[in-house]
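> This is what each chain is made of:
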Amino acid sequence: MPTRRPDDPSFDLEMKRTVTIEVKQLDRVVIRFAGDSGDGMQLTGDRFTAETASFGNDLSTLPNFPAEIRAPAGTLPGVSSFQLHFADHDILTPGDAPDVLIAMNPAALKANLKDVPRGATVIVDTADFTARNLKRIGYDENPLETGELDAYHLIPLNLTGMTVESVKEFGLTRKDASRAKNMYALGLVSWLFQRPVESTITFLQTKFASKPDIRDANIAAFRAGYNFGETAEEFSVRYEVKPAHMATGTYRNISGNLALAYGLVAGAQRAGLPLVLGAYPITPASDVLHELSKLKRFNVTTIQAEDEIAGVGAALGASFGGALGVTTSSGPGISLKSETIGLGVMLELPLVVCDIQRAGPSTGMPTKTEQADLLQVMFGRNGEAPLPVLAAQSPADCFAIAIEAARIAVTYRTPVIVLSDGYLANGSEPWKVPVVEDLPTIEPNFTLEPNATDAKGAPTYLPYLRDPETLARAWAIPGTPNLDHRIGGLEKEDKTGNISYDPANHDLMIRTRQAKVDGIARSIPPIEVDDPDGTANVLVLGWGSTYGPIGAGVRRVRQVGGKIAQAHLRHLNPFPSNLGDVLKSYDKVLVPEMNLGQLAMLLRAKYLVDVVSYAQVRGMPLGAAELAEVIGNLVEETAGIDDDARHLGAAAAAVKHGEALNQELHQSEGAR
Amino acid sequence: MSTVDLGLPSLPGGLKGVPAATEPQNRKEYVSDQEVRWCPGCGDYAVLAAFQGFLPELGIKRENVAMVSGIGCSSRFPYYLSTYGMHSIHGRAPAIATGLAVSRPDLSVWVVTGDGDALSIGGNHLIHTLRRNVNLKILLFNNRIYGLTKGQYSPTSETGKVTKSTPMGSVDNPFNPVSLALGAEATFVARTVDSDRKHLTSVLRAAAEHRGTSFVEIYQNCPIFNDNAFDAFKDPETRDDAIIPLVHGEPIRFGTDGHLGVVRDGFASLAVREVADLPGGEADLVIHDAHTEDPAYAFALSRLTDAGVLHQAPIGIFRSVERPAYDDLVRQQITTSQEAQGTGDLQALVTGADTWTVN
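First to last, the sequence lines map onto chains A and D.
The first sequence: position 139 = 139 (UniProt numbering), numbered continuously.
The second sequence: position 159 = 159 (UniProt numbering), numbered continuously.
Keep in mind that a hint or two might mislead.
To be verified - Simulated pairs of lysine-lysine, BS3-like, Cα-Cα distance not exceeding 27 Å:
(1) D:K198 / A:K495
(2) A:K168 / A:K207
(3) A:K495 / D:K16
(4) D:K198 / D:K16
(5) A:K110 / A:K168
(6) A:K456 / A:K432
(7) A:K242 / A:K211
(8) A:K588 / A:K563
(9) A:K606 / A:K584
(10) D:K16 / A:K456
(11) D:K28 / D:K16
(12) D:K164 / A:K456
Quick caveat, the hints were computed from the structure, so don't treat them as lab data.
Quantities reported herein were computed from a predicted structural model and do not represent experimental measurements.
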């Protein structure tokens, strides 16, 4: 007979212990929640992220989950995890290795332990450590008892059992009761790191508003987990990571796909055009479709098309009618859209094509990240079909890059490719909310009157008459009186747009379309190089989601005294106009990529610079430590230091902030 | 997953929302300055002439007509009309036209396609456009051959057809385009013949006035690669027995002196019989009802079409029923959303509910 609501503030006052709990300061923490796909680890991670964001830490997240929606419970392929890095200073990545692992079952422990450095804290739910479950994943003996985890600060707890106990008053089945174990674990780590809990309670109240039993059980489990930290002897230390120092302003947390959706709406609004999205569901792009379909009030139309080709077709048809046509997909879908994108190049109509890259080729690894579609989007069309290519460098940057794509598409009347990837799409970071009025305005500049005179001196409309500065063609949309015209995929005569097979005209049109795209470089900022004292001999150049890991690697190298310059490309076609000069002003240029060297190939071809490619294609973001090592080695190699005399790379790779945390946890264990 | 009541709107005519012309128009205004480049004797000429003659009758502004085509001989159609037009890529015209129709309710959108374009490479877009019932008009020129690529068999060619790619005869079973459209539950399905301008124009008019997707199969002769494929419908000696005329509200009776008629035959089937052999005479004939809700009736009619060499086929409007158009519903959701939530505050959207301030 429950007499007290679990969200009653008095609930957690009763069990307060009298022992003083020490509070330790940390500058940053990497925490990973891991469990079965059905254990709600992504939700748990999202909530911890929200608590951390509202507390004011800088943060970066890495969700990692299988493509199978529910692989068999308790198996290695079914393990889902969520990693969060939070700090009292500006950070760039979700962290290479967790300081704290929360493993909800044996499979989660086994699948994640290899990433956890010795000395780290490992909190394990012991409930599923039965002989049968252990055998299923290849443990002959219980690793909690064999001593094989002695190198870690192991905290074995029967989280499931304690959860069931904490919600028994709600009369749920054991199965339903145990489902709240993720909230119990979240409560515990929320206590451990002094996270504000109000937003999670509000969230649970809203999410389960229609199921009072489930709502109350989840809130009760969350509070019980929090209170367990408060009372249990296992924990005599709590940690504090102070809010980060950030520029003044209003902040929110945002994921890449949400930022992309908002950026597309903002781009359309700043152009004064309706947004029409044609899309087909595909991982990891579907969330953009989901978000935009909620935004109808912004004059956003979403068409879930019968296939990828129809998605881009509907978008291009809408653009023909004067809307901003957008399609969102991932690599396999982009392959299918290629012919229609080529038509867009030929018609010279605005079209924004978002490629949220995933590991390929073919179906590849749908939930894993990669940046191996660069050459596909650059060249994957028949004929000479150049188009602009942009790449977002962080989750929040997806917003700005979408507006930039809309600007280029509308101003230059061209399809534009936006590259994101699974890491940016699902990862999140704090974002200083922009002031909408300060966003750039975009001028569609529709043609409303005849723009030429014909042979008889009568006013006429030439759809392929171009602006001399941008080479953008005159764009009249259906419904405009006297400007009716026909356009199509056949080669067009210069100016009139009539069908033409004239050899010289074809050569002219091919070169004109190329010159139009090349000329976009005049409207984009020069690439900025971060070279603090201007004495570096080595430049690290990246694009897309490697921005964070490269920046973190560069910081480590600098921290141990290395000189290194960093630059990052957001415009991949055309390149910023100063790129060639920048590349040639360094002795060595290192290009780290999650592919086999696609940007490196483009740079070599265009600038004849012998760039050094660092290529890793594992479906995971590059690590800061591995990049620090590669960069450090290259800096010393460039300085002529022999292989066996080099130390910079190893020193930079060894820079670790997280060690402090684990030393302290060990101390607290010793004190007990 | 749950479903909601969409609050379906009243069903306006196919041209509702398209601005009316302020002055009378004539055929010449709809003729573009481009030289027509079909082969001499091509059936497309007749359809083009009929279409140019018919458009002024619609009484809508010329600049609010948009033609979208795919690839093939017939897909050159938009170049020859002085309206807005897009000659797109193979098979994709229905998808492109869907995006246009959804975003521009003030346009009369037409898709011009052929048997290869619509039924082979673009088959998927065709069936999905039909099931959605987007307010656009599809004219499928069926010449039962690939003409632009010089004479390969098409998805409507009869089994056994000898072509460049089937020297021993085609082993493909052909599509019946009308059956296919009805299978996708198209709301307006008709068939006409290139050479019968009066019938063609009457079908086009009905198609234009229908709210939703209108599907019109046009038997069209290719004099180069598949000549005489539709001779049975044109030769005065044979046409009376070949054409099964579909006239709403009339008994389906045809043939010289009306000696043939269509009767019910077993479960959901129809058959052609000599009227003289029927116990009840004309009273036993099916009265054509294009508004029959169940597509099974129209489907049964469509099966009276010869699958091989054409000797007999129904001509006219098989089905014309009302169902909300996809694009109307999509726009209605936007309106409903704006009425409920306002037109969208971008600053509030990007700011969101969960923020913190750094001073």
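> If a hint holds in the structure, say so; if it does not, say that too.
Comparing the hints with the structure gives:
1. Distance check on the hinted pair: D:K198 and A:K495 sit about 39 Å apart at the alpha-carbon level, beyond 27 Å; violated.
2. At most 27 Å may separate the alpha-carbon atoms for a hinted pair to count; A:K168 and A:K207 meet this at roughly 21 Å.
3. Annotation: proposed proximity of A:K495 to D:K16 is violated, straight-line Cα distance about 35 Å (limit 27 Å).
4. Annotation: proposed proximity of D:K198 to D:K16 holds, straight-line Cα distance about 25 Å (limit 27 Å).
5. Restraint check for A:K110 and A:K168: not satisfied, since their Cα atoms lie roughly 31 Å apart, outside the 27 Å limit.
6. A threshold of 27 Å between alpha carbons decides the hint, and for A:K456 with A:K432 the separation of about 59 Å lies outside it, so the pair is violated.
7. Our distance criterion of 27 Å between C-alpha atoms is broken by A:K242 and A:K211, whose separation comes to about 37 Å.
8. Distance hint between A:K588 and A:K563 is fulfilled; the C-alpha atoms sit about 12 Å from each other, no more than 27 Å.
9. Note on A:K606 and A:K584: the hinted pairing holds, with a Cα-Cα distance of about 12 Å set against a maximum of 27 Å.
10. Taken as a hint, the D:K16 and A:K456 pair is broken in the structure, with Cα atoms around 38 Å apart against an allowance of 27 Å.
11. Of the supplied pair hints, the one linking D:K28 and D:K16 holds, its CA atoms being roughly 25 Å apart against a limit of 27 Å.
12. Of the pairs offered as hints, the one joining D:K164 and A:K456 is violated, with about 48 Å between alpha carbons and a cut-off of 27 Å exceeded.
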